[in-house]
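Trainee: Using the hints, build the complex out of the two chains.
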Amino acid sequence: MPDSSPRTAPPSLECRGLSRQLRSGNLALTVLDGIDLCIAQGEVVAVVGASGSGKSTLLGLLAGLDRPSAGQVFVLGREITALDEDQLALLRRDAIGFVFQSFQLLPNLTARENVLLPLELTRAKSAAERCDELLARVGLEARGHHYPSQLSGGEQQRVALARAFAPRPRILLADEPTGNLDADTGERVLSLMLSLREDADSTLLLVTHDPRVAERADRVLTLERGRVVAERVS
Amino acid sequence: MSPGFYARMLARESRAARGRFAFFTACIAVGVAVVVGVAALSEHIDRGLSAHSRELLGGDLAVEARSPLPDVLPLLPAPLRAAQPRHVELCVLSSVVRSASGHSRLAELKAIAGVSDFPLAGVLETTPARPLPELLLDDSVLVARAFLDAGELKPGDTLFVGGQPFRVAGVIEREPDPLGASFVFGPRVLMTRAGLERTQLLALGHRVRYRSLWRFGPGLSLSQLTAAQSALESKLPGGGSYVRVETHAQAQPALRETLERARNYLALLALLTLLIAGAGVAQIVATWLVQVTPQTAILRCLGLRPREVLRLYAAQILGLAALGSALGAGLGALAPRLLGRVYPELAGELHVPWLAMARGVGLGLALSLLFSLPVLISVWKISPSRVLRSDAEPLPVPLALRALSFAALLAGILGAAYFQTESLPRAAAFSCAVAGIAALLWGGARGLLWALGRVPRARVPVLAWHGAAALLRPGSGLVVSCVALGLGNLVVLSIALLSGLMARELSQALPPDAPSMFMLDIQRTQWPDVERLAAAAQASKVEHASVTMARLASVDGRSVEQLVRERAATKSDQDRERWVLTREQRITSTRTLPESNRLIEGRLWSMPDVNEMSVEREFARDLGVRIGSRLTFDVQGVPVPFVVSSLRQVEWRSFSVNFFLVAEPGVLDDAPQFMLGAVRVPAHAEQGLQDGLAQLHPNITVVRVREILERASGLVAQLGIGLRYMGVFGVLVGVIMLAGAVAASQLRRAREVALWKTLGLTRAQIVGMFAVEYGLLGAVSGLISATSAFALTAVFARQVLALSALPSVVTCVLGVLALCALSVLAGLIASARALRSSPLEVLRDPV
Numbered sequence: 000m001p002d003s004s005p006r007t008a009p010p011s012l013e014c015r016g017l018s019r020q021l022r023s024g025n026l027a028l029t030v031l032d033g034i035d036l037c038i039a040q041g042e043v044v045a046v047v048g049a050s051g052s053g054k055s056t057l058l059g060l061l062a063g064l065d066r067p068s069a070g071q072v073f074v075l076g077r078e079i080t081a082l083d084e085d086q087l088a089l090l091r092r093d094a095i096g097f098v099f100q101s102f103q104l105l106p107n108l109t110a111r112e113n114v115l116l117p118l119e120l121t122r123a124k125s126a127a128e129r130c131d132e133l134l135a136r137v138g139l140e141a142r143g144h145h146y147p148s149q150l151s152g153g154e155q156q157r158v159a160l161a162r163a164f165a166p167r168p169r170i171l172l173a174d175e176p177t178g179n180l181d182a183d184t185g186e187r188v189l190s191l192m193l194s195l196r197e198d199a200d201s202t203l204l205l206v207t208h209d210p211r212v213a214e215r216a217d218r219v220l221t222l223e224r225g226r227v228v229a230e231r232v233s
Numbered sequence: 000m001s002p003g004f005y006a007r008m009l010a011r012e013s014r015a016a017r018g019r020f021a022f023f024t025a026c027i028a029v030g031v032a033v034v035v036g037v038a039a040l041s042e043h044i045d046r047g048l049s050a051h052s053r054e055l056l057g058g059d060l061a062v063e064a065r066s067p068l069p070d071v072l073p074l075l076p077a078p079l080r081a082a083q084p085r086h087v088e089l090c091v092l093s094s095v096v097r098s099a100s101g102h103s104r105l106a107e108l109k110a111i112a113g114v115s116d117f118p119l120a121g122v123l124e125t126t127p128a129r130p131l132p133e134l135l136l137d138d139s140v141l142v143a144r145a146f147l148d149a150g151e152l153k154p155g156d157t158l159f160v161g162g163q164p165f166r167v168a169g170v171i172e173r174e175p176d177p178l179g180a181s182f183v184f185g186p187r188v189l190m191t192r193a194g195l196e197r198t199q200l201l202a203l204g205h206r207v208r209y210r211s212l213w214r215f216g217p218g219l220s221l222s223q224l225t226a227a228q229s230a231l232e233s234k235l236p237g238g239g240s241y242v243r244v245e246t247h248a249q250a251q252p253a254l255r256e257t258l259e260r261a262r263n264y265l266a267l268l269a270l271l272t273l274l275i276a277g278a279g280v281a282q283i284v285a286t287w288l289v290q291v292t293p294q295t296a297i298l299r300c301l302g303l304r305p306r307e308v309l310r311l312y313a314a315q316i317l318g319l320a321a322l323g324s325a326l327g328a329g330l331g332a333l334a335p336r337l338l339g340r341v342y343p344e345l346a347g348e349l350h351v352p353w354l355a356m357a358r359g360v361g362l363g364l365a366l367s368l369l370f371s372l373p374v375l376i377s378v379w380k381i382s383p384s385r386v387l388r389s390d391a392e393p394l395p396v397p398l399a400l401r402a403l404s405f406a407a408l409l410a411g412i413l414g415a416a417y418f419q420t421e422s423l424p425r426a427a428a429f430s431c432a433v434a435g436i437a438a439l440l441w442g443g444a445r446g447l448l449w450a451l452g453r454v455p456r457a458r459v460p461v462l463a464w465h466g467a468a469a470l471l472r473p474g475s476g477l478v479v480s481c482v483a484l485g486l487g488n489l490v491v492l493s494i495a496l497l498s499g500l501m502a503r504e505l506s507q508a509l510p511p512d513a514p515s516m517f518m519l520d521i522q523r524t525q526w527p528d529v530e531r532l533a534a535a536a537q538a539s540k541v542e543h544a545s546v547t548m549a550r551l552a553s554v555d556g557r558s559v560e561q562l563v564r565e566r567a568a569t570k571s572d573q574d575r576e577r578w579v580l581t582r583e584q585r586i587t588s589t590r591t592l593p594e595s596n597r598l599i600e601g602r603l604w605s606m607p608d609v610n611e612m613s614v615e616r617e618f619a620r621d622l623g624v625r626i627g628s629r630l631t632f633d634v635q636g637v638p639v640p641f642v643v644s645s646l647r648q649v650e651w652r653s654f655s656v657n658f659f660l661v662a663e664p665g666v667l668d669d670a671p672q673f674m675l676g677a678v679r680v681p682a683h684a685e686q687g688l689q690d691g692l693a694q695l696h697p698n699i700t701v702v703r704v705r706e707i708l709e710r711a712s713g714l715v716a717q718l719g720i721g722l723r724y725m726g727v728f729g730v731l732v733g734v735i736m737l738a739g740a741v742a743a744s745q746l747r748r749a750r751e752v753a754l755w756k757t758l759g760l761t762r763a764q765i766v767g768m769f770a771v772e773y774g775l776l777g778a779v780s781g782l783i784s785a786t787s788a789f790a791l792t793a794v795f796a797r798q799v800l801a802l803s804a805l806p807s808v809v810t811c812v813l814g815v816l817a818l819c820a821l822s823v824l825a826g827l828i829a830s831a832r833a834l835r836s837s838p839l840e841v842l843r844d845p846v
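Just so you know, the protein sequences line up as chains W and C, in that order.
Numbering that gives the first Met the number 0 puts the first residue of the first sequence at 0, with every later residue one more than the last.
Numbering that gives the first Met the number 0 puts the first residue of the second sequence at 0, with every later residue one more than the last.
Don't read these hints as lab results, they were simulated from the structure.
Every residue gets a Cβ at the ideal spot worked out from N, C-alpha and C, and that includes glycine.
Just to be clear, a hint being listed does not mean it is correct.
Result set (EDC-like, lysine to aspartate or glutamate): computed pairs, CA atoms no more than 16 angstroms apart in a straight line [what the hints assert, rightly or not]:
1. 380/C <-> 84/W
2. 380/C <-> 119/W
3. 124/W <-> 93/W
Here chain C is said to cover these stretches of chain W; the calculated rule only asks that three of the stretch's residues, wherever they fall, bring their Cβ under 8 angstroms from a Cβ of chain C [to be verified]:
4. 51-59
5. 71-80
Chain C with its partners taken away, still in its complex shape (with noise of 0.2 angstroms):
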């Protein structure tokens, strides 16, 4: 057949199909509008960072690490240092701050140096829109506006810090980095960094990153500063392991990688709700081609050979999938635009996706047409005979064409995972849990329908055992549907649950005799100060610990750095590798361990002859060390060599003070400590506690727990609302595919319809038949989904999150609820024309 005549009847049959099809272009506009959204989004979110990311940064060129930084000018490449770069020095730290009305706050501080250069990258605004240099002097700070919202201060009040006093020159109302600030340590000040000096914190060993940004002129390529990276990484000491060094490109690391996280998952979800479009597609393929058989088999006898005839019917639906996926895409590129509404700072500059909608316009279409396959082989299965007979037996179909069709449609859904994650293990593993997942829904399906098959009909009202007949139905195309609205439903429903188990968790993660606020960097001499006023709040529980803190110097002889360089190279998460090795390691002493810890191997303090250290059995794992293994630390410029003599487990959960290192008492006796501190007391005393600290001791840090936990507890909530969202779009395609699945057997519910009413039932009874048959599909598909959700989660909550707690029943059953009606409603609205039909215009229409 030439490509002409497909077209040529492509047109035909498109003139009759448009409204039937309506459901096709629907399930198909939505599987391809939440993944072109989702790709949106993220080139969006990507062209954000990369347009930003010398603000993100603060610069071209950034030096970092928790020591003071030598002078980095003369360590540059000579281009660079000839083209009289501008730079800034930071100091980030946190630290209690107090008003004058003695009510304190943990804040973040960041301490400039070169502040008429600050920023180097981005825009800083302030209330009053004034140069920084006029605002920020040694004895003034900037505030963030949470401050003013909170009624503590107001410009021209007195904030004081490390127990100095500063006049509140002004707010921070935006800062080039605002994903800089840790959502853990408070709200931002800036000040300078002779003020900082003033208060006498950097002198008390807290802790601090220093950053020396870099800002060059215009011309300089990323490739001259790729240079000065690796320059300033083999000149500086500790480049490249103690100290980072990094260029605008690679900014915010930790973002990117956190998105990069994000984006893989949220492209799963989103090719998860295509994959049910697809099923969608081809319920509605299967039921339009029973309805289509008469024609199917005068095509035939005319002369059509049965792959002619799936050629034309794949030109069909190639041809539609192509509408809804051009709907989809247009719809979807929409999402940067509705990501800047309701977060007008993630606005920026709008462009056509144009990648994301052709990668999701080719994922519409190869997935409708695979889907499809399995359906139109059954055209080998239309004999010609039927213009003669309509019960004419059907043909066999090939074996292989089958197995072929299968595999392909398999083999496209491993390709489309792996397309939307870039990554085989994954795409492989979401395939395999998507094929079990629905093959656990579709057995279910059918079991249950079984099931309800066997209850004895005089049991069940008439009306209602004739609409779940319908259900019962052979060739009814409903479990199909129940399939797809239990894929979308435990999406939905297994999000819900995770989401609120965490956020309960979190909310209830102290146990009753938890510490509820830690103190760190008390000296020793402060002590005393420090039980007293715990007691004045009514502590129930004082506990605290003496730290040391230290760099790891050598694993078994081999450095840090070399540890280092050799892991950035083999492992996968780079930055943890470097962070475990690299990290202001906190070391404590004590004869006998903690009740929270156990003992798991190796024995405490028995060698004589060296130096022991008991590490934490995850810790060790991540160090790569074991019992025997030599650990040298360098304790301010002295180095301490230790030996693994114990490993230990640790209940973190308890909120105890618990240390990742234990060394044996008297070895560090002679290094420079500070204690840590954990108290329990009343909630109603936790500010008057922490305002009786900044007074008295204000470079002591105190964190409390039950904010730190209510406030991850509402990002936890927050983000569980997102994800659900992406859940019910599956949920949509698969009520697009009920009510689908209902039109497309229009005809066949009319004539039902008319036989009713010519038999007496009144529509309201109809309706009623109706209502059961749809209830029982949401019902069965929400019952399989609830139950399965529930077991995942609890599963996962149990294996992978340690959580003892079970998910939400209330929540399931509320699940399956709304999706009955869901059902109900959209069935009902499908079976509309069907019910207004006349009995007498139906039952004389010969079909």
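Excised from the complex, chain W in its bound form (with noise of 0.2 angstroms):
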């Protein structure tokens, strides 16, 4: 199995030997198997692989939203295996923005509220401005007390890119971001996420199944049946 080489620059996120199994019934189901991976500040990575092949499984774990079965996994240098649900929270809080296939915008809250959470958690300055400016950097400044059940598939994830990049986030985990989208706007809605990604200088970590997408980054894992079995540069 090919090897990820660190940049010299410390990594934003890394993993060793990380291993995830899940039980099904009396079954354990290996889902990773003893993963090493090393992504470097800035870096865009893309995770390809057929359905099961355990890519949305590495982005949790790698994201502290998940534990692992073994292994150890290090976002911005720090090793979040032992940290608690509370400190794992607050380094997603501060460090990791996600935008997910299915979009996960809270459906009681506007456009502009889901956009403005966030920046209320972290208590940041000028949050107004920034949720206005970004809702207008993606195009919906004139949608935001808009619920999410009343836009489309491709406004609400254009609102979700808004949500996480609002704090700036130094990592940034996206899961099929296009999963659920026409092809059309799909490629709107990735062309914004690099886009933004480039202004925040944030390291993008991004798991689909879509070749196209995985074009778009600089470096492509291939995982198969919970291994990376293949890996390229573009």
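Mentor: Below, the structure written as structure tokens:
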């Protein structure tokens, strides 16, 4: 199995011997099997693989959303495997942004309120201005008062992008960000996401099954049955 | 997180929550309304008692005894004497009165000396509305309206009292102290003291209450009155024991004590309703928490810590609880107004019961939060990885946190009970009882549901099976509704069963051979006439006993005054203690004990050198005496010593002539005595016998047992109905909970309805399935609560009330059926929206 080569700058994300097993009745399913990975600051890495290959599980473990069965995870040089739930929450609040396939907006909040939320959590100064700036950046400045149910899929994903980038995260994790969008909308959203990433100089880990999306990354890792089977530098 | 953040999130979330949390608010509103209602009523009545305390007492100060009172004025402190007080002397006694037509009835006579000053406080309304001295002369009386309503009398007629004729000068429409009238001894007759003396009833040794009432000027303070009370108690012979001195602040102690007990009981019933509402809140919060799990995962993913999520949701709950509590407090505050509509004489001046409302809101907020906490702890379980995978494993909840939340809940229930009763033992007993019954209902519900699940599918119609399956689905949340419905139903049924049992027992209390009439104050020379009249009335049983009236002077060498003072300091039921020691003791003598008496300790008339006395067991315990104790009685001023030589058990329910005290024959032969008679005559002959006795010997007091039992039975039944209304609130909350649980699962139900319709079921068939589900829920909770109520009532009746009859099974069955019907109705109404939803819309919605 090919190893990832770290750059000289401290890595944003790193894992060593990362494994995850899930229980299904009496059976233990190995979803990830001894992954070693190193992603440098500012890098854009895509993880591709068939459905069930462990891509989303890997993303979840690197984000501190889940706990590995074995191995270690480092975020911005800090090992997170032994952190408790509170510490992981604070880490995500301060350093990580998320974009999901199903948008995951809070349905009872307007688009503007969804974008404001991470700024309120970090008690950011000038939160309202930052929020308006991002809504304008994603082209939804006139739709801020609408609820997610009143927006199209593409619009919802743009709100999700604005929310993810609002606190200027060091790391952005995207799980199939164009998975629920048609090709044209998906292309526009992807371009927007990469543009915002460049502005924020965030590290981007992108999980996708779409090779056209993966092409836009600096590096592409291919997962198969819980293992990295290929790595390609763009 | 800043408070501002929570406030903003609260405002945002509440936009979508309005409809969803209507049931939450309704549960809390009903619970708080009942708590505030009871407290407001209690405050209203207390205020009324205080505001009208002088009316209730009849003045500022009252002196009362069972023997004629000395002149009190010289014994008052100088400042009070100098205030030139007004005063009135009263004699109150029971006697049979007779109209000119010969119809007689037992009445309560109130003879007034000082008519021109009566009443000293309050208003006496009469018809005709003329000054009392014009109406009430030495040869006239005023009668209660009950005499006119029965058609026995009208103004101008003649009424014979103690055999003497009096002209009926008018009707008493309203008395200053209506609560002072006894329900046992008949309607009121007012007369002058001189008129009563004309009847010779006082000379014939009737049981009379002598009252001396005093009214001082407006500037007199309560402390001065209290000082006067102390002075009189120390100076009057028997003061503080045989002679009772009260200020207006202490008026109607028996009534106040009864009200206090009723208040405690109702306060606990009200609290039970609020606790059921709390369970409803927990149920609704649990269902809501499941629904917002995806949003919770998002919040956790974005960086909220579990305790921050809990605070956010707790703030939402408190906001809704505040709304529900405020609404409930407002509704509850209307209770005195409603009381005034139903009972105008209790209307009084209306105040806003701020204190009761504040307490209710406080309880509502506290219990909403405490009941929600164990549920809210579940936010720890929600893994943020749910944003990636909906079947993500739940995270562990810290055990200490879970334990703490339950401990807080239990402590909160105990605290709320203490808050309501101000008594730790009562609060603890209530809390344990509620917890025990709730556990019983929970276990019973789960057990029954498990048993239902074992019924072979092939034996049940398809649609009925699916209806039942919905109830058995894990996480349906309906078991909690079952417990809540069951608790409310348990209260209603228990009260209904117990009051029904007591009313039935009272109305059937007379054993077949029990006397139907008692006759008191019979002179020895009058007994042959009584026997003759009884025989003419076809009496099947005639009993008699001689009675010597006496006062207990000392027990084991210690005076009664001393004992009253000692026990007042240490015993909880001071009035009963005083009554036992200072009451007029009625002593009989007999060589052999009647059938209804059983000797349980000692021997009868076996000690030749002492005067022996046999004491009823419970009375001996109340007196604090045992075998060998020395009792000295004052018989018309002569001290007569006795030694307790035996204890008896008396079957009081035989209604035979029985006594607490039986003296050895021969000891009291020289003492003034009267006779007590008991006869059993056919019901149709009772009035004729009473009329004959009233004509021949008007001094004889006749008590008709059936009448008293019927009135008592009616009172018990009325009380039962009133109390049942309290339990109904508990059921109401349970129904709201059920409707809330159903409404909370609206989306799931809509999807189910859509699928069923797609598969080809008609709306009527789907309604039928839902009806089976809700009906089964009602049946399960009804069955368990009815069984529990039956068992509890039977045990209570047997152990505490010594009643052997069983509660009514019919009432239990009706209770179960009513609960089923209610459940079906509430469930179908709550499911209406789901039933109306379009299958296409629902199935296309990507959840």
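Trainee: Can you tell me if the region 51-59 of chain W counts as covered by chain C, using C-beta to C-beta distances under 8 angstroms and a minimum of three residues?
Mentor: n = 4 at 8 angstroms, threshold three: holds.
Trainee: Given the hinted pair residue 380/C and residue 84/W, is their Cα-Cα distance within 16 angstroms?
Mentor: holds, 11 angstroms
Trainee: Sort out whether residue 93/W lies within 16 angstroms of residue 124/W, counting only the CA atoms.
Mentor: This hinted pair holds, its Cα atoms lying about 14 angstroms apart.
Trainee: Would you check chain C against the region 71-80 of chain W, counting CB to CB pairs closer than 8 angstroms, and say if three or more residues qualify?
Mentor: violated (count 0)
Trainee: Sort out whether residue 119/W lies within 16 angstroms of residue 380/C, counting only the CA atoms.
Mentor: violated, 24 angstroms
Of the numbered hints given earlier, the model fails hints 2, 5; all others are met.
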